[in-house]
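Listed here are the chains, written in short residue letters.
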Amino acid sequence: MTTDATLVEEQYCTFWVSGLFFGVAVAEVQEVLRTQPMTPVPRAADAVTGLINLRGQIVTAVDLRVRLGFPPRDPATAPMNVIVRSRGEVVSLLVDDIGDVIDLAEIGGVAPEPVPSNMPARVQDVVSGVRPLAGSILLVLDADRAVDVSSAPDTAGGKP
Amino acid sequence: MTQNDEDAEIIAEFLVESHENLDQLDRDLVGLEQQPGSRELLSSIFRTIHTIKGTSGFLAFGRLEQLAHVGETLLSRLRDGEEQMTPAIAESLLLMVDTTRALLEVIERTGTDADPSVEVAPVVEVIERLLTGDPGTTAAPVEPPPAPATGGADDLAEVDAPVSVSPDGIAPAPPVADAQTATEAQPSVVDASVRVDVDLLDTLVDLVGELVLTRNQLLQRTALAEDVELARASQRLDLVASELQESVMKTRMQPIGQVWSKMPRVVRDLAHQLGREVELVMEGHDTELDRSLLEALKGPLTHLVRNSMDHGIETPAVRLAAGKPAKGTLVLRAFHESGQVVVEISDDGSGIDPERIASVAIQRGVVTREQLARMDGREILGLVFRPGFSTATEVSNISGRGVGMDVVRTNIERIGGSVDLQSEAGRGTTVRVRIPLTLAIIPALVVGEGGERYAIPQANLVELVRIEGEDLERDVEHLAGAPVLRLRGRLLPLVQLAEALGGASPDNEALTVVVLQSDDVRFGLCVSEVHDTQEIVVKPIGRQLKSLGMYAGATIMGDGRVALILDVAGMAVAAGIGSTVEEQAEARGSDGDRTSLLVLEVADGRRAALPLGAVARLEEFTPDRLERAGTAEVVQYRDGILPLVRLAPAIGLPDTSHLQEQLSVVVHEGSEGRAVGIVIDRVLDVVDTSVVRSDVGRRAGVLGSAIVQERVTDLVDLAAVVVRAGGAA
Chain A
5 MTTDATLVEE QYCTFWVSGL FFGVAVAEVQ EVLRTQPMTP VPRAADAVTG
55 LINLRGQIVT AVDLRVRLGF PPRDPATAPM NVIVRSRGEV VSLLVDDIGD
105 VIDLAEIGGV APEPVPSNMP ARVQDVVSGV RPLAGSILLV LDADRAVDVS
155 SAPDTAGGKP
Chain B
2 MTQNDEDAEI IAEFLVESHE NLDQLDRDLV GLEQQPGSRE LLSSIFRTIH
52 TIKGTSGFLA FGRLEQLAHV GETLLSRLRD GEEQMTPAIA ESLLLMVDTT
102 RALLEVIERT GTDADPSVEV APVVEVIERL LTGDPGTTAA PVEPPPAPAT
152 GGADDLAEVD APVSVSPDGI APAPPVADAQ TATEAQPSVV DASVRVDVDL
202 LDTLVDLVGE LVLTRNQLLQ RTALAEDVEL ARASQRLDLV ASELQESVMK
252 TRMQPIGQVW SKMPRVVRDL AHQLGREVEL VMEGHDTELD RSLLEALKGP
302 LTHLVRNSMD HGIETPAVRL AAGKPAKGTL VLRAFHESGQ VVVEISDDGS
352 GIDPERIASV AIQRGVVTRE QLARMDGREI LGLVFRPGFS TATEVSNISG
402 RGVGMDVVRT NIERIGGSVD LQSEAGRGTT VRVRIPLTLA IIPALVVGEG
452 GERYAIPQAN LVELVRIEGE DLERDVEHLA GAPVLRLRGR LLPLVQLAEA
502 LGGASPDNEA LTVVVLQSDD VRFGLCVSEV HDTQEIVVKP IGRQLKSLGM
552 YAGATIMGDG RVALILDVAG MAVAAGIGST VEEQAEARGS DGDRTSLLVL
602 EVADGRRAAL PLGAVARLEE FTPDRLERAG TAEVVQYRDG ILPLVRLAPA
652 IGLPDTSHLQ EQLSVVVHEG SEGRAVGIVI DRVLDVVDTS VVRSDVGRRA
702 GVLGSAIVQE RVTDLVDLAA VVVRAGGAA
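Order-wise, the sequence lines are chains A and B. Using the numbering used here, you'd call the opening residue of the first sequence number 5 and step up by one each time. Using the numbering used here, you'd call the opening residue of the second sequence number 2 and step up by one each time.
So here's chain B without its partners, still in its complex pose:
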């Protein structure tokens, strides 16, 4: 595509958009007459004019920009209440709008706004006079608008039919006669496109979806029949239906170039402001995606571009010193990949230093040292997306105004997308945003429960885990009745789908866990059956079900039956799963290292804690399983004998564990694989906290105490306690 073509295209888009905006403007202005001073209407008008000003500046329509600029200034004062609406002001606004419209027509006809038949100066003058607030003249200038026509004004007054003077606002008089014929001769850009109600498009999408379903059913049937004609007809139907579906989907599609069109301006301004030299390269202009997604993408993309300019690309001096060309390059690329739209923002700037990220993350309490040690480079880079993280050493006015990368991530995830960051220190950074083509059709995992099917959006899916036999016994624990799964060293809360749906939990020998993630909540959903992944059409559900929160909508399966789509965030709330304990603790932020503790109750309400790492399993035994081997208490456990030690006496407290209905046992496996069961009253919680140990309460079997969950808790000296069992056994 040549530069000229591109420009022409941008101008055409600008015109279509502006004409639509002007229609809105007319309605708003009429509305304003009825509700003078309506903040809402004023804001709407302000936004429209502001948009026109911005784009005209970018396209170098100087006169239009000048006009829109004064109009915008006046409107912003009205909006902010600095100026009161008067008939004079209303008049001048109408005049400004009419002149804007006339200029747009000139641009459409000639490609520039230089046509002297439309006068701008007098209108600007009128508004400027209003702005300077000269009360003596505010009334008078209202008259002059018609005046320029008669040659009263300074410049360009010789034209016979100036457009600037039709304050009635119905239809601006077309400029000079020959120009008018020119307009009639060729269809206007506005005529080449049709505005269609989005509701109508949605209906079309629905109907086509239904057609495709019917086709599928028909195809299944014809495959069994032997009628050749029928087979041929259904094949044709198959083709036509597919093409129709594609076309209808396209009606909602718009090129990403619409969002990009304002980037050159953003980049130019920022480069100027920050003293950078930047070349902007844009590839894949015409990559299309759903209109609603495009809207949602605007903010995040602009933010990412600002980020690259501010934190990525260095000043020319620094770049030269690093042996790079003085001019940095910022590349925006958009393309389709496996049913998704990928947008890349890459710069050849300084890149991101993982060590700096790591130190900032610790300093701001985003992660603990311990967690950091377990992360790989990619995960560390991912920290910039965590809430509360911003590496800008000082808050600049370009980025770092409280809108961080976490907001970018949240916004993109909201539309079912994902963000990924790659960086090489000194070489540059690439942010890759993936978004679905459309919101209406999403990939989903279909699971089965109680004879019904449920769809889970793929965007929430982390992994599928199947646990059976011994693993089930070893990895799934119940903490105070709540099932958790040990998954690669982390505890994952489990939710039985059957229970969440109000049924009884099935007693399975194997567990199929769908690991789900929504915002910062991660949990495992236990399902009875996993069917397959498929593209589903999301359809809204009635208001009778809106309050449930557990369902994001419904879809129609291949056999024509309805299946509900699970809302993962809603399920987490319904199941009472918040951010995991660990993540909550992270959010609180703290200095010092953190330890995971198992908090227990012993001796009738006293609290004690064991390091979670020392806990192999939690078990419950009925008291009748208790046997004796010499003086020691033991239970038969996993084909062996497990010696028990009652914790309370071991740490010098009265023993109340025999009063419990069940024997709660913490199984600790020693260095030589010898297990010891520590008998407690009950498990209270698992917490991840920074422990400040105090020597208060230090005694045999107790290292000291600490405040855990705002309560004083004994820290158990595990070695000393285990020795008691070992000695006794």
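The following block holds chain A by itself, in its conformation from the complex:
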């Protein structure tokens, strides 16, 4: 019924950002890490939190809360790193918490829905699809767009 390729497509690494349930196709995720020592980059875009040392490779960390225009994280809680591959580079997405890897093919019966048009533009910008599940709604994240901090609209949608 499904080929291996679509199977992989239907597997998502999930995480929470400001109460929203996101998923990135597992093929795009390299690994998930706890909070790492961070070197800030002055003058960089707001969403760029800093640089981390991933086994000798310098990885830029992008805070999804800032990228999506949500209020900043409670400083007492440490973010998690979802390391994704995007256009030949490795980038870390800082998220609030990590969920399970879910397999939509296994769950079955959930057709992709278009992105609701009343979501803030900043969120719509990085969401490629919406999958309503039994207890939650999974927002499928387009990693390439999420790490592109230059395209983040400054004022559109949500509250700054």
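Just so you know, these hints were derived from the structure itself, not from any lab. Just so you know, not all the hints are guaranteed correct.
[What the hints assert, rightly or not] With beta-carbon atoms standing in for the labels, derived distance ranges:
| no. | chain 1 | residue 1 | chain 2 | residue 2 | range |
| --- | --- | --- | --- | --- | --- |
| 1 | A | 44 | B | 613 | 40 to 46 Å |
| 2 | B | 86 | A | 121 | 51 to 57 Å |
| 3 | B | 240 | A | 59 | 20 to 26 Å |
| 4 | B | 204 | A | 38 | 42 to 48 Å |
Yeah, the Cβ is synthetic: ideal placement off N, Cα and C, and Gly gets one too.
Following the hints, put chain B in place on chain A, whose structure we already have.
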């Protein structure tokens, strides 16, 4: 190393290179079938054949050279659009490539290209016929290639299996049978080396860097532990990791001899062309450096050799007259010195006459007489590296074609190197090029700001200056809000690193200034802390940060944390520092002497100028500090009383200085150390310009006027103005 060994080595290199080139050629030719007439592919093929031609000429492979020569001619016509691609031409090109390949195999087997089993003449003939453009025959010659095999062609036709005729281009049929067995018996040179993707090498370098870091952390820990076994194991790890690092670095290294291999030819040709007699001596053939650096070094080295031949070594007659042997000597030396590669190009020619350099430099507006007077001999020689300088009296076709020494310097500095020139008139010139072993690891100064560390490439570092206490007050001035440092008589723009990084400027009692130079821009970077210098591994940063320009990359420090590497040129741009005013003025070029002027505003928008040399300091006072001593206005200043004179009335203009919020004062120190404060509206600029004084506007207190920055500006008669204060006080 004997001459023979050297030759064999050069030939082996040539073969490896050529085989690689031929593979590229096959791909290009296939590509050309899909995109006939692609200029890009044609150029690529042309370059390959051109390289083979050049090297084979140098190695005296006459037949190969002849073949490559006609091929090159045909290709250059195609590339330049003089000839259109036709099936006949495509066929002949394939034929030429196959024959080239066959000849290379013969060379590899026998050491010469004389083996008659490979026919060259018929192929050359086919291409020449195409070149002469005889339309009647262009179609026909396409057939003949197979013909020579059957004995139709003129010479060497008796061989049974000629290689020249396999236009399919897949694998040229190996020549005669016994030769084939010979090839199988011994491994080919090509098999002795492996082509590895540079990306893979980079990954290896990364991993080894990480291993070394982990080792360092481990060593720190084991030093504290008392476990003997652990200590022993970590010691072994230490050794192995170091050796591994060295080996991996070596994989990117190549001997400089690769660049030098074409020098004998260059020198021979030039000597012939210029009527010189030159002996080329090359030392340190096997000095190795990073492959990418080697590539970047090719151009500058060739240029320097050409320069030595053209401007350095004299004609035999001149040399004999000067009591030197008729034959000049050009020495290329390469060696390692303190972690760098040094390449020296020395000749025993006429040397460089500093006086001639000086006069040319002034004539071309490269420097002013005033600046020249302050230079020592070495600095004067250094002028040849300035843009717009070329001493060749007439432009020869050897050197001086617009590519000057400044380009050589720029190219070498781009790879983190430096050029230095020593010369003794009549005795010869030595140019010394220093380059780092590798681009991946550079020495850097680590500084601290806001709790983070930043690395500054040593190549940009000029000096470190620490200013505290009184010196701080005396040497650091603010010109229209911009901080500048008086450093040995020159004004150095200052940039606060904290501010450049978007923070607030720290209010320090002392200032640590890192003086940086990038191209023609020099500025001082004020930092909070200076750590140490260390070798850092440069790593790229993500595309999210590329647009910043302030960072050249990042590195990982000993504790595993990331530190950013500052891009000095980018910082200068971000801070709005261009070439210094003086250097811009230099670039404009002019005749006559230059003066440094402090340009001021008085009387609501009128411009006046003072010679900068007469200005000791610039001060600002709040109006409430103004006091009176008799009729004179004074302020308390540095434990004394500073008499003030308002400039506007002193030069016959309405005074508006009291309308300013702050009292801007130019402090002038007279001959007996008596200071006078000249009150102005505000400082506009410091310019270095040639002043053409006009008597227009001459009056009491004003010497005349001049056009400064395209505006008419009063030139203040300082003596007359000061007298007013002196008299009043």
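So, going through the hints one by one against the coordinates:
Roughly 41 Å separates the CB atoms of residue 44(A) and residue 613(B), a value that falls within the hinted 40 to 46 Å. Between residue 86(B) and residue 121(A) the CB atoms are about 55 Å apart, so this pair conforms to the stated range of 51 to 57 Å. Between residue 240(B) and residue 59(A) the C-beta distance comes to about 22 Å, which sits within the given range of 20 to 26 Å. Judged by the Cβ atoms, the range 42 to 48 Å given for residue 204(B) and residue 38(A) is violated: they are separated by roughly 25 Å.
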